[in-house]
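S.K.: First to last, the sequence lines map onto chains C and F. If you read the first sequence in numbering that gives the first Met the number 0, its first letter stands for residue 0, the second for the next number, and so on. If you read the second sequence in numbering that gives the first Met the number 0, its first letter stands for residue 0, the second for the next number, and so on.
Rather than coming from a laboratory, the hints here were simulated on the basis of the structure. It cannot be assumed that every hint is accurate.
[Said to hold, decoys possible] Calculated lysine to any residue pairs in the SDA-like style (CA-CA distance at most 25 Å, straight line):
#, chain 1, residue 1, chain 2, residue 2
1, F, K118, F, N153
2, F, K59, F, S16
3, C, K93, C, A71
4, C, K83, C, D38
5, F, K118, C, D38
6, F, K118, C, A71
7, F, K118, C, A13
8, F, K59, C, H26
None of these values were measured; they are calculated from a predicted model.
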Amino acid sequence: MAIIEIIDGEGSVANTIMADEAFAQQHYPDAWRVASIQDAPAPLPQAVRHMTSQALRWRLTVSERAAIEWAAVDRADATEVQRKNAATLRSMLKDQDQAQFVDLDDSGVASYLLLIEDLQLIAPGRASEILGAPVQPGERP
Amino acid sequence: MAKLSEFEGGRLLPVRSQLVLSSTTITVIDDGWAIVAGMGGGAGGSKSFAAGNSAAWGVKAFPVTAGSLIGFVIGAGGLAATAMNTPSSAGGTTLITLNGSALMTCPGGEAGQPSTAGKTPVTSTVTGADYWTPGRQPQTFLAGAAVDVGNGTNSTSGAWGDHSVDLQGLLAGVPAGAYFWPFDINFHGSQPGSPGVGTGPGSGIAAGIFAGGSGHSDASYQTPPGRGASAGRTGSNNPPHNGGAGLAHLRLFKRV
């Protein structure tokens, strides 16, 4: 079965149909062609990448977790930008605490990891390393 | 409601019931009646512009005699527009014939507009049907439109394909568990990819039959639409999908 274009007397496409070539030739003799674009294959099912909040936390080293906690503290003598970053971190950490599970394909999780990488709380490349690692059985909710 | 098999003094025996997914011709074996349902193809997807419409569908009952030829030309989904700034194309027309004469013509969904936020009016009409239902516009400007199998369509997210099934109690679409008589389809659930239920970008799950394809302007991989539904738009770095192909259904009743 293919996508067949039916050609009218003017050479224009009069219809596109689902048919095999024998059907097209029988019903539209020499007035058809196989369409240049066939259906794209359906995407393969992707594994759901859910893990517990604790599992995501444990993908960070102790020193990385400590750096994040330290950066999340609100300090009266910090600049406004630093205080806003700290508030953003606290908000994201709270979201994770309250989540029943973490979806590694969720854009919010990626935003969190990219933020702590931008703030140099983890080394460059760690965000993609943490996001890309396969979910282990012990990490699943 | 009376069943066709109860007409003619209850002397009509249902002998055949099948979906027709590709063009073919079926020879009737016995005198009796036929009921056909047909649906065109949904509009194809675009790389940069809004989605087009889903297809119309119709139903026709007619007497047949042994040896009658019922022809089905199944409309394809609109071809995907793979170049940037090219609007999606309309779905193909499904044509049902009896002994070579047109019986019912079901047009495909109208192509999308050459803009990111335009919607194409639904103007196509089914001809020859005993009754019919027009196609639908997409609910948003990203994802594809679902087929109206009763009571309209709905959306749960701008990027998820539109649904034929009412997932949120919005009184738009049919409830999960409903039976779609013309095509002999049960809307058995509300899980993504179930009949009449769309899916989200990157899910890897194709939309259920009659549900719209997902769509977004970002780099997400979009999911293809179900039969008769339209495909969503994609960003610049992903190919859009063709629209959902049309389909038909045939029931034959033998006079006994």
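S.K.: Could you run down the list of hints and mark each one as holding or not?
M.R.: How the hints compare with the structure:
Under the criterion of a C-alpha separation no larger than 25 Å, the hint pairing F:K118 with F:N153 is consistent with the structure, at around 16 Å. For the suggested pair F:K59 and F:S16, the alpha carbons sit about 14 Å apart, so the restraint of at most 25 Å is met. Our distance criterion of 25 Å between C-alpha atoms is met by C:K93 and C:A71, whose separation comes to about 11 Å. With a C-alpha separation of about 48 Å, the suggested pairing of C:K83 with C:D38 is violated against the 25 Å cut-off.
A distance of roughly 24 Å separates the Cα atoms of F:K118 and C:D38; the hinted pair therefore holds under the 25 Å criterion. Between the alpha carbons of F:K118 and C:A71 the distance comes to roughly 46 Å, so the proposed pair goes past 25 Å and is violated. A distance of roughly 23 Å separates the Cα atoms of F:K118 and C:A13; the hinted pair therefore holds under the 25 Å criterion. For the hint pairing F:K59 with C:H26, the CA-to-CA distance comes to about 23 Å; that is within 25 Å, so the pair holds.
Consistency with the previously given hints fails for numbers 4, 6, ordered from lowest to highest.
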